[in-house]
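Trainee: This is what each chain is made of:
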Amino acid sequence: DIQMTQSPSSVSASVGDRVTITCRASQNINRWLVWYQQKPGKAPKLLIYAASSLQSGVPSRFSGSGSGTDFTLTINSLQPEDSATYYCQQAHVFPITFGQGTRLDIK
Amino acid sequence: EVQLLESGGTLVQPGGSLRLSCAASEFTFHSYAMTWVRQAPGKGLDWVSSTTGDSGRTYYADSVKGRFTISRDNSRNTLYLQMDSLRAEDTAIYYCAKSPSFNYDQWGSFRCDSWGQGTLVTVSS
Numbered sequence: 001d002i003q004m005t006q007s008p009s010s011v012s013a014s015v016g017d018r019v020t021i022t023c024r025a026s027q028n029i030n031r032w033l034v035w036y037q038q039k040p041g042k043a044p045k046l047l048i049y050a051a052s053s054l055q056s057g058v059p060s061r062f063s064g065s066g067s068g069t070d071f072t073l074t075i076n077s078l079q080p081e082d083s084a085t086y087y088c089q090q091a092h093v094f095p096i097t098f099g100q101g102t103r104l105d106i107k
Numbered sequence: 001e002v003q004l005l006e007s008g009g010t011l012v013q014p015g016g017s018l019r020l021s022c023a024a025s026e027f028t029f030h031s032y033a034m035t036w037v038r039q040a041p042g043k044g045l046d047w048v049s050s051t052t053g054d055s056g057r058t059y060y061a062d063s064v065k066g067r068f069t070i071s072r073d074n075s076r077n078t079l080y081l082q083m084d085s086l087r088a089e090d091t092a093i094y095y096c097a098k099s100p101s102f103n104y105d106q107w108g109s110f111r112c113d114s115w116g117q118g119t120l121v122t123v124s125s
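Protein chains in written order, with our numbering: chain A, 1 to 107; chain B, 1 to 125.
Since the hints were made in silico from the structure, they are not lab data.
Incorrect hints may have been included.
As the list claims (entries may be wrong) - Below, a list of computed lysine to aspartate or glutamate pairs in the DMTMM-like style, where the Cα atoms sit at most 25 angstroms apart:
| no. | chain 1 | residue 1 | chain 2 | residue 2 |
| --- | --- | --- | --- | --- |
| 1 | B | Lys65 | A | Asp1 |
| 2 | A | Lys42 | B | Asp46 |
| 3 | B | Lys43 | A | Glu81 |
| 4 | B | Lys43 | B | Asp62 |
| 5 | B | Lys43 | A | Asp105 |
| 6 | A | Lys39 | B | Glu89 |
| 7 | A | Lys42 | A | Glu81 |
| 8 | A | Lys45 | B | Asp105 |
| 9 | B | Lys65 | B | Glu89 |
| 10 | B | Lys43 | A | Asp1 |
| 11 | A | Lys107 | A | Glu81 |
| 12 | A | Lys42 | B | Glu1 |
| 13 | B | Lys43 | B | Asp113 |
| 14 | A | Lys45 | A | Asp105 |
Owing to the predicted nature of the structure, the values given are computational and were not obtained by experimental measurement.
With the hints as constraints, model all of the structure from the sequences given.
Mentor: Okay, here's the thing in structure tokens:
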């Protein structure tokens with residue numbers, strides 16, 4: 001199975017900051033990487049697919065990049081509502097696997 | 001707007017069985033692959049199982065293979081997860097989720113673009 005490792009496990013930032021979350025795959029997954037946002041007590045929400053394609057309705061301050069084994073999620077101009085846990089997921093092959101999550105707190 | 005409503009979660013003893021349902025509305029259910037994802041209390045997301053729009057292909061995590069069965073009734077717009085031989089480690093919120101494609105034949109096409117609110121399954125004596 002492909003292992004997905006996110007870093008950091010948690011991050012704290014202020015409104016207006018830029019935050020970067022990293023996801024590393026244990027083998028080459030080309031560009032088949034998905035990002036989700038999950039707020040406490042809520043279902044996950046799709047943010048980005050195919051490493052850099054923004055899901056419809058997601059604010060443009062969210063962006064993704066990377067290919068192969070290393071990927072990043074960047075949030076520009078951080079907003080209070082961005083406080084959440086973020087998960088990466090590889091879409092290269094079954095079984096589908098997720099990263100362990102990165103908790104983002106707003107100072 | 002896509003609506004997904006899970007039901008069937010409850011407290012069940014180890015070794016017991018349970019069937020979860022996910023009622024779908026506001027989209028053409030039979031045209032889309034569907035998935036179950038679970039989340040143990042305070043833990044991360046864990047893919048469980050997926051099925052194509054016509055049930056032609058099903059996929060399972062090794063941890064549930066042989067114990068869980070995914071199915072769908074396209075005439076009722078409902079997705080199911082039959083869970084047998086339940087274990088304590090199956091305790092989780094179970095989410096159903098929709099994919100934006102009929103199947104996963106296109107490389108890298110797996111993703112979940114709409115999710116239900118989840119149903120809690122607790123396996124304990």
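Trainee: Take a quick look at whether Lys45 of chain A and Asp105 of chain A sit within 25 angstroms of each other, Cα to Cα.
Mentor: holds (17 angstroms)
Trainee: Check the hint pairing Lys42 of chain A with Glu1 of chain B against an upper bound of 25 angstroms on the C-alpha distance.
Mentor: holds (17 angstroms)
Trainee: Within 25 angstroms, alpha carbon to alpha carbon, are Lys45 of chain A and Asp105 of chain B?
Mentor: holds (23 angstroms)
Trainee: Compare the distance between the alpha carbons of Lys43 of chain B and Asp1 of chain A with 25 angstroms, and conclude whether the hinted pair is satisfied.
Mentor: holds (19 angstroms)
Trainee: With a cut-off of 25 angstroms on the C-alpha distance, tell me whether Lys42 of chain A and Asp46 of chain B pass.
Mentor: Holds, at about 15 angstroms.
Trainee: Take a quick look at whether Lys42 of chain A and Glu81 of chain A sit within 25 angstroms of each other, Cα to Cα.
Mentor: Holds. Lys42 of chain A to Glu81 of chain A sits at ~13 angstroms (cutoff 25 angstroms).
Trainee: Holds or violated: Lys39 of chain A and Glu89 of chain B, Cα atoms, limit 25 angstroms.
Mentor: holds (23 angstroms)
Trainee: Check the hint pairing Lys43 of chain B with Asp62 of chain B against an upper bound of 25 angstroms on the C-alpha distance.
Mentor: Measuring from Cα to Cα gives roughly 19 angstroms; hence the hint holds.
Trainee: Hint check: Lys65 of chain B vs Asp1 of chain A, CA-CA at most 25 angstroms. Holds or violated?
Mentor: holds (15 angstroms)
Trainee: Take a quick look at whether Lys43 of chain B and Glu81 of chain A sit within 25 angstroms of each other, Cα to Cα.
Mentor: holds (21 angstroms)
Trainee: Would the pair Lys107 of chain A and Glu81 of chain A pass a check requiring their Cα atoms to be no farther apart than 25 angstroms?
Mentor: holds (12 angstroms)
Trainee: Taking only the CA atoms, is the gap from Lys65 of chain B to Glu89 of chain B under or equal to 25 angstroms?
Mentor: holds (14 angstroms)
Checked against the numbered hints listed earlier, the structure breaks none of them; every hint is satisfied.
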